[in-house]
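Starting from the structure of chain D, add chain Y where the hints point.
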Amino acid sequence: GENVEQHPSTLSVQEGDSAVIKCTYSDSASNYFPWYKQELGKRPQLIIDIRSNVGEKKDQRIAVTLNKTAKHFSLHITETQPEDSAVYFCAASMGFQKLVFGTGTRLLVSP
Amino acid sequence: ETGVTQTPRHLVMGMTNKKSLKCEQHLGHNAMYWYKQSAKKPLELMFVYSLEERVENNSVPSRFSPECPNSSHLFLHLHTLQPEDSALYLCASSQAIGGREDFGPGTRLTVL
Chain D
1 GENVEQHPST
11 LSVQEGDSAV
21 IKCTYSDSAS
31 NYFPWYKQEL
41 GKRPQLIIDI
51 RSNVGEKKDQ
61 RIAVTLNKTA
71 KHFSLHITET
81 QPEDSAVYFC
91 AASMGFQKLV
101 FGTGTRLLVS
111 P
Chain Y
1 ETGVTQTPRH
11 LVMGMTNKKS
21 LKCEQHLGHN
31 AMYWYKQSAK
41 KPLELMFVYS
51 LEERVENNSV
61 PSRFSPECPN
71 SSHLFLHLHT
81 LQPEDSALYL
91 CASSQAIGGR
101 EDFGPGTRLT
111 VL
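Note that the protein sequences, when read in sequence, are chains D and Y. Note that the first sequence covers residues 1 to 111 in this note's numbering. Note that the second sequence covers residues 1 to 112 in this note's numbering.
Among the clues, some could well be false.
Stated by the list, open to error - With a cut-off of at most 20 Å between alpha-carbon atoms, the simulated EDC-like pairs for lysine to aspartate or glutamate come out as follows:
(1) Y:K18 with Y:E67
(2) D:K22 with D:E5
(3) Y:K41 with Y:D85
(4) D:K22 with D:E79
(5) Y:K40 with D:E5
(6) D:K42 with D:D84
(7) D:K58 with D:E79
(8) Y:K36 with D:E5
(9) Y:K36 with D:E39
(10) Y:K40 with D:E39
(11) Y:K41 with Y:E56
(12) Y:K19 with Y:D85
(13) D:K42 with Y:E24
(14) D:K42 with Y:E44
(15) D:K58 with D:D17
(16) Y:K36 with Y:E84
(17) Y:K22 with Y:E53
(18) Y:K41 with D:E2
(19) Y:K40 with Y:E84
(20) Y:K22 with Y:D102
(21) D:K42 with Y:D102
(22) D:K58 with D:E83
(23) Y:K41 with D:E39
(24) Y:K41 with D:E5
(25) D:K71 with D:E2
(26) D:K42 with D:E83
Said to hold, decoys possible - Footprint (simulated), chain D over chain Y, 3 or more residues, beta carbon under 8 Å:
(27) 43–55
(28) 99–111
Stated by the list, open to error - So the derived list for chain Y, only partly shown, Cβ under 10 Å to chain D, looks like this:
(29) Y35
(30) L90
(31) S94
Source of the hints: derived by calculation from the structure; they are not laboratory data. Think of the CB as a built atom: it goes at the ideal place given N, C-alpha and C, for glycine as much as any other residue.
Chain D on its own, in the form it takes in the complex (with noise of 0.2 Å):
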């Protein structure tokens, strides 16, 4: 089955900073890529979402690329502030098969 890896686990950048969250998956007919964002105490949102018909997706200060070929797809952040820390998953499914979560990576943002 899928396998998801996400690195790093743990992410410390100053505010105005660029931070990068990278995952690789197994199964390269995985086809639906989604990032959520998970505020300490609230639940799991979902902030960005990519197809593998798609390279990169871009909503204001979040960008998601994919590489198909290399199996991993990545979680870009710009311009970060305080309000951007939280813990960040991604997850893969092909088809309709269930979705598979990475690890997470709390990022923190310091003023």
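What follows is chain Y alone, placed relative to chain D:
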């Protein structure tokens, strides 16, 4: 209520108690999930239901018993739990398995 709701939000129970967690989704989705979230395993999938039929049980101990009476409601019945079962239990739903999942706020469970 909109989205995915869960009750109770907090639960403290002894090891001999029996309790149930409730999840309701107002999104018209056909799939529902139970996850366990703890420090050791951030998002651990427990059960998957599609159109009220259980399609996955990830080697979960029998002291956890799910029930899905219809596509909008999901329950997790708990009995004779262990302290290591203390965690945040998240419910989620999606239009179909493999698609975007919407999460509920979770139930923070403490087993004494």
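Tested hints:
| no. | hint | verdict |
| --- | --- | --- |
| 1 | Y:K18 with Y:E67 | holds (15 Å) |
| 2 | D:K22 with D:E5 | holds (8 Å) |
| 3 | Y:K41 with Y:D85 | holds (12 Å) |
| 4 | D:K22 with D:E79 | holds (18 Å) |
| 5 | Y:K40 with D:E5 | holds (15 Å) |
| 6 | D:K42 with D:D84 | holds (14 Å) |
| 7 | D:K58 with D:E79 | holds (14 Å) |
| 8 | Y:K36 with D:E5 | holds (19 Å) |
| 9 | Y:K36 with D:E39 | holds (17 Å) |
| 10 | Y:K40 with D:E39 | holds (18 Å) |
| 11 | Y:K41 with Y:E56 | holds (18 Å) |
| 12 | Y:K19 with Y:D85 | holds (13 Å) |
| 13 | D:K42 with Y:E24 | holds (17 Å) |
| 14 | D:K42 with Y:E44 | holds (17 Å) |
| 15 | D:K58 with D:D17 | holds (17 Å) |
| 16 | Y:K36 with Y:E84 | holds (11 Å) |
| 17 | Y:K22 with Y:E53 | holds (17 Å) |
| 18 | Y:K41 with D:E2 | holds (17 Å) |
| 19 | Y:K40 with Y:E84 | holds (11 Å) |
| 20 | Y:K22 with Y:D102 | holds (16 Å) |
| 21 | D:K42 with Y:D102 | holds (13 Å) |
| 22 | D:K58 with D:E83 | holds (19 Å) |
| 23 | Y:K41 with D:E39 | holds (17 Å) |
| 24 | Y:K41 with D:E5 | holds (13 Å) |
| 25 | D:K71 with D:E2 | holds (12 Å) |
| 26 | D:K42 with D:E83 | holds (13 Å) |
| 27 | 43–55 | holds (count 3) |
| 28 | 99–111 | holds (count 8) |
| 29 | Y35 | holds (9 Å) |
| 30 | L90 | holds (7 Å) |
| 31 | S94 | holds (8 Å) |
Against the hints set out earlier in the document, no violation occurs for any number.
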